[in-house]
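Work the whole structure out from these sequences, hints included.
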Amino acid sequence: MVVRGLQAVSKAQNGVGAFILQCKRLEFNYCEMSGSSRGMKAFLKTRLATFAKENPGVEIVVSPRPKKHPIIRGSYINKREKVVCVRNLEVLQVLQKAELLRDASGDKIKKINKPVQSLNDSVRGIWSPYHAKGEDVHRV
Amino acid sequence: MSSVTDETGFTYIGRSSVIVSERDIVVSHSLIVSVGASSQITDEKSLAVDMGLPRRPSTMLSPSRPSSIPTIRPSSSKHRSSRPFSTSSPLSVIPNLLPTQSAKLAALHGRLDLPNKYPLTTLGRALIDPTAEPEHHLNNDGLSNLGNVLLGYYTSEYLMVHYPRLPYEILKTAMNGYIGPRALAAVGTGWGVEAAFAPGETVDPGLLQFNRVAPGTPLYKIKGGVGFNIPRKRNNMVPNFENNPSVDKLLEAETPEMKAAREAQRPGQDATTLELAMASFVRATVAGVYLHSGGLPPTKEFVHAHVLSRKLDIDKLFQFEQPTRELSRLCVREGFQQPIARLEKETGRYSRHAVFIVGVYSGEEKLGEGQGSSLPEAKIKAAISALKGWYLYSPVSAADLPSKTDGKPDLPFTPAVIDVGDIVS
Chain A
1 MVVRGLQAVS KAQNGVGAFI LQCKRLEFNY CEMSGSSRGM KAFLKTRLAT
51 FAKENPGVEI VVSPRPKKHP IIRGSYINKR EKVVCVRNLE VLQVLQKAEL
101 LRDASGDKIK KINKPVQSLN DSVRGIWSPY HAKGEDVHRV
Chain B
1001 MSSVTDETGF TYIGRSSVIV SERDIVVSHS LIVSVGASSQ ITDEKSLAVD
1051 MGLPRRPSTM LSPSRPSSIP TIRPSSSKHR SSRPFSTSSP LSVIPNLLPT
1101 QSAKLAALHG RLDLPNKYPL TTLGRALIDP TAEPEHHLNN DGLSNLGNVL
1151 LGYYTSEYLM VHYPRLPYEI LKTAMNGYIG PRALAAVGTG WGVEAAFAPG
1201 ETVDPGLLQF NRVAPGTPLY KIKGGVGFNI PRKRNNMVPN FENNPSVDKL
1251 LEAETPEMKA AREAQRPGQD ATTLELAMAS FVRATVAGVY LHSGGLPPTK
1301 EFVHAHVLSR KLDIDKLFQF EQPTRELSRL CVREGFQQPI ARLEKETGRY
1351 SRHAVFIVGV YSGEEKLGEG QGSSLPEAKI KAAISALKGW YLYSPVSAAD
1401 LPSKTDGKPD LPFTPAVIDV GDIVS
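Protein chains in written order, with the working numbering: chain A, 1 to 140; chain B, 1001 to 1425.
Heads up, some of the hints might be wrong.
What the hints assert, rightly or not - SDA-like cross-link-like pairs, simulated, lysine to any residue; straight-line CA separation at most 20 Å:
#, chain 1, residue 1, chain 2, residue 2
1, B, Lys1345, A, Ala132
2, B, Lys1381, A, Lys68
3, A, Lys68, A, Cys85
4, B, Lys1381, A, Cys85
Simulated from the structure, these hints should not be mistaken for lab results. The structure presented is a predicted model; accordingly, all values stated were derived computationally and were not measured.
This is the structure we're talking about:
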C-alpha cells in the first residue's frame, strides 16, 4: 500500500509573485554620418541616460552601424529578438519605440480571444449530464 | 587583509572584505567544514595576483555604453593589482571585467529588483559554478548550500501548513517540483540568465560559467529525473580522516604521481549540466538575499515571490497502488464505517461506450465519486477521489507559517494542524 509521487515541475506565472521584465537587452545602433540617425543621436545624447536609469533591469548597448539606418534591437527572455528601424524619427519618437520594445513580451504577435488566461482549473467544473438537476437533467 | 588603491582611486579592500565576511557567515552555519584564516588567504591570493597573472589590456575594458551614462567603471585602467576573483590557479576564472563593470550583471540585479545592499560581486560569484572555478571561496558552492537550506525550509513549511495530511512521498515530490533542479533551472532561465559557452577569463561576469558535460558521455546516474553523469563531489570535502586508519595508510603509501593524479581529479575540473548549474545559481542567489538583504524575512519574501508563486498541481502528483485497500485501512484507522462502493448511475452497459458512476460511501457519508467505462474502473476512481479528498485537506483558515516568528517571537501565532501521518497497512 504505497503512494508514489509522480514527478512534476512548477510552472511560471510571471507577475503572480515577482514580475520579471521580459526585455533583457536593448541595443541602439546609429550611423555617425547619415541624416536618418539625427534623431537617434540626439536621443542617445539627451535621453538615453535617463531611460537607462529608469530601467535598471535592461542591459543597454550602444554601437555604431555605419552607412545603415538607425535601429533599436530588443532581446527577450524567450530568446527572441525584435528590431525597430527608427530612421528619420525625432527624439521623442525614438523614445516611444524604445519603450515599445521594453514593454514587449518578445512573443510573436498573436490574437488573444479569451479575456482571461489561466493555468488553474475551472472553479465551476465541467457540466455533467449525470449530475444536472431540474429541467437540465438528462435521463440516461 | 590587503588594501590596494589604483590610480583611479578605487580601493579594493571593501570588496575583499565583503567576500570574506560572507565566508565567515557561511562558516557559522556549519555548511562548510573547514575554511582557514580568511584574512590570510585573502593576502596570499592578492599576492599571487600581483606576481603571477597577466595584466589585462586596457582596450578590453572599453565601454559599450555611451559616455553620457554614468558608470562606476574607472576611466583609465592600466593595471589593476587586485581583483575580487583573484586566484593563483592557472585554470581558474579571471574575469576581464569586474562584476561591478558588467552591464549584464547590473541588469540582472535590476531585473530581480534586488536591493542596493546586495553587492554585484555576490551576484557575480553566484554565477560561477564549482566546475568552472575550483577555488572554494570564489565559486558559488557555499552560497548554493546555504540557499538550498533556506529554500528547503520555506518550501517544506509552506507545504506542510497548507497540506497537513500530505503523505511523505508526495511531500518529497512536491518539494522537488518547487525546488528541484529542473524547477530552479526554470526559475533561473526565467530570470534571463544566459550561460557562457565555456568558462574563461574573457567571459562577461553576467553569464553563468560552468564546465559542460562532453557530448556522448554516458549517463550512468539518473537522479530525480535528471540525467547526470559525474557524481558531484564537494570541493575541499575530503573523506573523514579521523578514526579512519585505512585512509591514513593510503595517504602514507601515496607516491607523488598518485598525489598528482588525485589532485587532478578535483571537483572543480569535472563537468555539470546547464540545468544543475542554473539551479545552483538560483540557490546561491537566495543565499545572497539572506546574507545581504537583512536575514530571514526578506529571504522568505524572495522565495515566496520567485519560487512558491509558481504553479504546481499537488493533486496530480499521486500514484496509488491499491486505492480501495488503502481507503479501507484509512476508515479502520479513523474509526469510520467500512467504505462501500455503490453504483449511482450508468448508461450503455451493453454498448461500446458504457459509463458508470460509482460513489464510495462510509455509512451515510459519501467519501468520493468516480466515473469509468467499467465497474472496477469507476470503483477505483471513486476510491482515489476519496483518498485525495483526505490527503489534500487544507485548513480553511490558513494557519501561520512557523517562519512568521523569525526574529519576532512576540507575534501572535496560529499553529498548523499536525496530522497523525501516512496510512500504514
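Violations among the numbered hints: Structure breaks hints 2, 4.
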